[in-house]
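> Protein sequences, first through last, are from chains A and B. No gaps in the numbering here: position 73 of the first sequence is 73 in my numbering, and each next residue is one more. Numbering-wise, my numbering comes out as the position in the second sequence, counting from 1, plus 1000.
No lab work stands behind these hints, which were simulated from the structure alone. Predicted model, so just to flag it, every value in this text is computed and none were measured. One thing to keep in mind: the hints can contain errors.
[Stated by the list, open to error] With a straight-line Cα cutoff of 20 Å, these simulated PhoX-like cross-link-like pairs (lysine-lysine) come out: (1) B/LYS1130 - B/LYS1119; (2) A/LYS205 - B/LYS1101; (3) A/LYS209 - B/LYS1130; (4) B/LYS1073 - A/LYS205; (5) A/LYS209 - B/LYS1101; (6) B/LYS1167 - B/LYS1130; (7) B/LYS1119 - B/LYS1107; (8) B/LYS1073 - A/LYS209; (9) B/LYS1245 - B/LYS1360; (10) B/LYS1300 - B/LYS1265; (11) B/LYS1250 - B/LYS1269; (12) A/LYS74 - A/LYS263; (13) A/LYS209 - B/LYS1104; (14) A/LYS205 - B/LYS1269; (15) A/LYS125 - B/LYS1017; (16) B/LYS1258 - B/LYS1360; (17) B/LYS1245 - B/LYS1258; (18) B/LYS1360 - B/LYS1272; (19) B/LYS1130 - B/LYS1101; (20) B/LYS1265 - B/LYS1360; (21) B/LYS1344 - B/LYS1360; (22) B/LYS1269 - B/LYS1245; (23) B/LYS1104 - B/LYS1073; (24) B/LYS1119 - B/LYS1178.
[Claimed, not checked] Chain B residues, not near chain A, derived (Cβ > 10 Å throughout): (25) ASN1008; (26) SER1113; (27) VAL1195; (28) ASP1296; (29) ILE1310; (30) LEU1311; (31) ARG1336; (32) ILE1338; (33) ASN1351; (34) SER1362.
[To be verified] Taking beta-carbon pairs under 7 Å as the criterion, some of the chain B residues facing chain A (in silico): (35) LEU1052; (36) PRO1072; (37) LYS1073; (38) MET1079; (39) PHE1081; (40) SER1083.
Ideal Cβ placement from N, Cα and C applies to all residues, glycine included.
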Amino acid sequence: MQTLEFQNIKKIERSATRKRIFFRWLLFLMLGLFALYYIAPLYVMIVTSLKTMEEIRQGNLMSLPGEIIFDSWKTAWSGRGGIDAGNVFLRPFFWNSLKMVVPAVAISTFFGAMNGYALTKWRFKGDNLLFLAFLFGCFIPYQAILLPMSRTLGILGISNSISGLVLVHTVYGLSFTTLFFRNYYISIPDEMIKAARIDGAGFFKIFFKVLLPISSPIIVVTVIWQFTNIWNDFLFGSSFSFGEAAPIQVALNNMVLTSTSVKEYNVDMAAAFIAGIPTLIVYVLAGKYFIRGLTAGSVKG
Amino acid sequence: MATLKVNNLTKDFGNTKVLKQINLEVSDGEFIVLLGPSGCGKSTLLNMIAGLESVDEGEIIIDEYVVNRVEPKDRNIAMVFQSYALYPAMTVRNNVIFGLKQRKVSKEHIEKSLNRFSKMLQIDQLLDRKPAQLSGGQRQRVAMGRALVREPQIFLFDEPLSNLDAKLRVEMRHEINKLHEQLGTTMIYVTHDQVEAMSLATRIAVMNEGIIQQIGTPQEIYDQPNSIFVADFVGSPSINLVPGKFSVEKNQFFFIPKQMEENFKIPLKDYKFNNRPSEGQEVIFGFRPEHINLEDKSLKFQIELNLEPILIELTGYEQNITFDFMGHEVIGRLPRNINAQVGKAISLSLNLSEISIFDKISTNRI
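For reference, chain A alone in the conformation it holds in the complex (with noise of 0.2 Å):
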C-alpha cells in the first residue's frame, strides 16, 4: 500500500516538472514576441535611415540595407548646405530644446522638492486644500490652457521665446513635480524634522542638509518624469514659439511636412531619431533609479 501511494507521488511530482518547464518556455516565447512586436518600430526607423531613397522605393521596408550609408543622418543634423535655403534641419533647435529643458526641469524639480518639504513638513493651516489646488493642477488638460498662458507671456514679453517655455514648463510642472516630493516627504519620519529643529537648524538648512541628501530616488524620478515630458512636448512648443525660437519636436514636424518635392523618409527616421536620442539617453542612464523611486517607501534611518 505504502509503496504504491509512494509511486503516485513520484507521479505527481515529476508531471508537475514538466509542467513547470512547459510554462516557463511558454512564458519566454510569449515574453519574446512581445519585445520583437515593440522594438520593430524602431528597427524599421534605423534601417530605413541608413538606405538611400532608392532601395527605399523597393518596398521592402523589413531588410537590411545594402551598404550602410550615414548621408541621411547628416542631412537631418546639419542640412544640405546652402543649396536648398528653406531647408528645415534639427541642430539649432536641437540645442533650443536643451536650453529650455535643462533650465524648465531644474527649475521645477527643485520647487517641486520645496514645495513637498513645506506641505508635509511645516504644516501650516490649509495645508491639505493647497495640496489639492496643486493636484487639482495635474488633471488640467493642456488645452485648457493655451489662451491664458500666451496672453500672460504677452503680458511679460516672453512670447516666442526661449524663457517664456521654460515658464511655460515650470508652471505645468510644478503640479506634478510637488505631488512626488510630497508623497515622498510624507513617508520620512517628521522626528527627524524636529530632531534638527532643537538642534537649531531652520528652514533652509534642515531641506538642504537633512532632507535633500536622502531625496535621490525621488529626484531621479522627476527629473526623468519632466525631462521626458518637456522634451517631447509639441503643443506648447509649436503654439508658444515659431520659427527660429521653436524646440525640436516642433522644427521635427516642420521639417517633415515641408519637404517640398519627394519625401525623404530615410531623413525623416533619422530626424526622428536624433529628436528621441535624449530622452533614450536619460532611461538608460538612469531608468533603474526610475524603478527603485517609483517604489521607494520610507528611509531606513
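Once you've looked at the hints, dock chain B against the given chain A.
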C-alpha cells in the same frame, strides 16, 4: 541646570482636548517620568516643553523665564526620540556634532565634546559609519550622544527605549540611569512602560486623558495610588481589585466583599482614610499580588485565607498563582518552592498594612 514649571497648560487638536490644565513643577536635577497609556497626552506635553507644539493656554517656564514662544533651539534643551531620528545622509560624527555646528561652537570644543561623549557612550568606534550601518542599540546611543554633546539644561526623552528588544532595553535603562547620576541634569522622560518609570524616576507623573492623575515618588505611586487608574496601571501583575462595600460596627471598619453569603469581613484597622466612608458605601478593595503570602504570623495586620489555585504561572524566580477569592480572580506572587496544585487549597495570609481602598463611583482613593 534648570528648573521647569508648567502652569495650567492646555492643548486642543481640533475638537479633542489633548491636555487639560496641566500643572507640573520640576526642580533642578530631577528625573521626572511622564507615565501613561498611549493617547494620554504625555508626548504632546513633552513636545510642548520642547517647543515643537504651540501652547494654546497656560505657561511653560524654564528657570523663571516664560518660554511659550521661544524657538526649540533657543530653549537649551535636547531631545531623544523613539525612532532615533538620526540624519540618514550624515555619518555618526556629523549626526552628533550637527547641533554644535549650527551653534557655531569652536572646532576645538566640538572635538573635545565629541571625544568625551562618544567614549562615554561607546560609539567612538562608529564615528565614520552611516546610521543605516548601525544596529538598533547603536543608533539609540548615537541619538543620545547627539543630545549629550549639546550639554543642555534639560533632557527630554520620548519613549527612547520602545524600539529596542527586551534585553537591550534593560541595558540602556541602566545607562540612562548612570548618565543621570553622572551629569545630574534635569531629565523628563516619557514612557508607557511602568517598569522603566519605576526604575528611572525620582518622581513619576501618571497621566490619563490629558490629566496628571498623580505625581509622586515611585514608592508613593506604587504603595498609595490615589485612583483605581494609577493602581491598575502601575505594577505587574496588576493590583487585585475586589468590589464590595464598607461597613462600620462598633467604631470598627470592615470591608465586605460582594456576593458574600457568609459573614466574611476584612477588618480595616490600620488603614489611613483620606475621608471616612459611610456605612454601606460601595468600594473597591485593592491589594498587590505580593501581599498574598504563605501563612505568616509575624505580620502585624493580616487575615488568614484558604484559597484554591486556578492557574499557576512560573516566572522563574517565583510563581504567579491565580486564586479563586470568593468568586473573584486574584493573583498572588509566591515563592516557587511551594508545591501549588490547581484545585488544592493553600493556607495563606493577606497582608493588610499596604492595601488601598477606592470609591466605586469616583474611583478615587478613600
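> Among the hints numbered above, which are violated by the structure, and what are their numbers in rising order?
6, 14, 21
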